[in-house]
Amino acid sequence: MEEIERYSRQIILKEVGGKGQEKLLASRVLIVGAGGLGSPASMYLAAAGVGTIGLIDGDIVDLTNLQRQIVHSTADIGTPKVQSAAEKLRAINPAVQVHTYEERVTAGNILDIIKDYDFVIDGTDNFPAKFLINDACYFAGKPFSHAGILRFDGQLFTVLPGRTACYRCLFGGPPPANAVPSCAQAGVLGGVAGVIGSLQATETLKYLLGVGELLTDRMLVFDALGMHFREVGFRRNRRCPLCGEKPTITELRDEEQPVCDWRGTQV
Amino acid sequence: MQIIVNGKAVEAADGITVAQLLVEQKVQTPEYVSVELNGEILDRQDFATTVVAAGDQIEFLYFMGGGAR
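Protein chains in written order, with the numbering used here: chain A, 1 to 267; chain B, 1 to 69.
No lab work stands behind these hints: they were computed from the structure.
For every residue, glycine included, the Cβ atom is placed at its ideal position computed from N, Cα and C.
Mixed in with the good hints, there may be bad ones.
As the list claims (entries may be wrong) - Far from chain A by the CB rule (all over 10 Å, computed), these chain B residues:
#1 Met1
#2 Gln2
#3 Ile3
#4 Gly15
#5 Thr17
#6 Gln20
#7 Phe47
#8 Ala53
#9 Ala54
#10 Gly55
Claimed, not checked - Stretch by stretch, here's where chain A covers chain B in the computed footprint (C-beta under 8 Å, at least three residues):
#11 32-42
#12 56-65
Using the sequences and the hints given, assemble the complete structure.
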């Protein structure tokens, strides 16, 4: 049977097997951002046979995307990213149902979208969206993979809302807009997006299969120049404004500042 | 005294505070860095009064956006 042959290299893994493959085919994953992180993440999930993949992104493909957003091709310039990515995913694996949402996530639409999914991948490029995904996943009880990339660095961790540390446990809220240089100024190496997006796909597959140890309560920090991975452990923050003992965020709201990325000097 | 900053052993003056350490480690915009001391995220308002002890493990956690565009 073609389906068994297609997935044979992972079905042979005892942690996957026929039952695990059936789980993947019955799973639904939402990828927010069809860009540098969403490209490798969505392609690996489609290839692995995750049955339903949702893609949300309001942008169109532009020439400067192609250096790292490998799901898009030169011929896709000018096409909505979700449409371009959906075509590639269907070409990789016609059995996958791809749902596209050509819009940005907002406090008004996100809960209605994520309710249909088992796991969410944050592949967005800005802090308001990252906090919005964190908060929405907390209120909806959806596990998700957070990641960020910049220059030669990347970091990611997995959140099981209410059970493990969330993005706000670590960072509270977004940095002010005027403190933050643009994506275009800061730059990023394409391969770094590939590494981190592939790790997000791997975490997603582990979660869906229920195998291994998730990247929770610890952040994996990748430094491509030194070619090091470091792991930083942490715990839920009692003073977290979202999931702490006295939460100040009790409903979903849009964070205001439309920034791209920022970080201090690396130590 | 010796402390561990982002996994590396660093010499620091006795009695140094987290706020002073951020300056000493040349963190450019410390107001946007999260600091973890021995596994606990510190409140920003406590940076100036929290004294670092020998052997403490400190992590500077940076905001990192990027991903889609």
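Verification of the supplied hints:
At the 10 Å boundary, the C-beta of Met1 (chain B) stays outside the reach of chain A, the nearest C-beta of that chain being 18 Å off. Under the 10 Å C-beta cut-off, the non-interface status given to Gln2 (chain B) relative to chain A holds; the minimum distance is some 16 Å. Distance check for Ile3 (chain B) against chain A: the nearest CB is about 12 Å away, which clears 10 Å, and the non-interface claim stands. No beta-carbon of chain A is positioned within 10 Å of the beta-carbon of Gly15 (chain B); the least distance is around 21 Å.
Residue placement check: Thr17 (chain B) keeps its beta carbon more than 10 Å from all beta carbons of chain A (closest about 17 Å). Every CB of chain A lies more than 10 Å from the CB of Gln20 (chain B), the least distance being 15 Å, so the non-interface label holds. Residue placement check: Phe47 (chain B) keeps its beta carbon more than 10 Å from all beta carbons of chain A (closest about 13 Å). At the 10 Å boundary, the C-beta of Ala53 (chain B) stays outside the reach of chain A, the nearest C-beta of that chain being 19 Å off.
A cut-off of 10 Å between C-beta atoms confirms that Ala54 (chain B) is not in contact with chain A; the least separation is 19 Å. At roughly 16 Å, the least C-beta separation between Gly55 (chain B) and chain A is larger than 10 Å, which holds for a residue marked as non-interface. Judged by the Cβ-Cβ criterion of 8 Å, the segment 32-42 of chain B is covered by chain A as claimed, because 7 of its residues qualify and three suffice. Requiring three or more residues with a Cβ within less than 8 Å of a Cβ of chain A, the coverage given for the segment 56-65 of chain B holds, as 7 such residues are present.
When each numbered hint is compared with the structure, no violation occurs for any of them.
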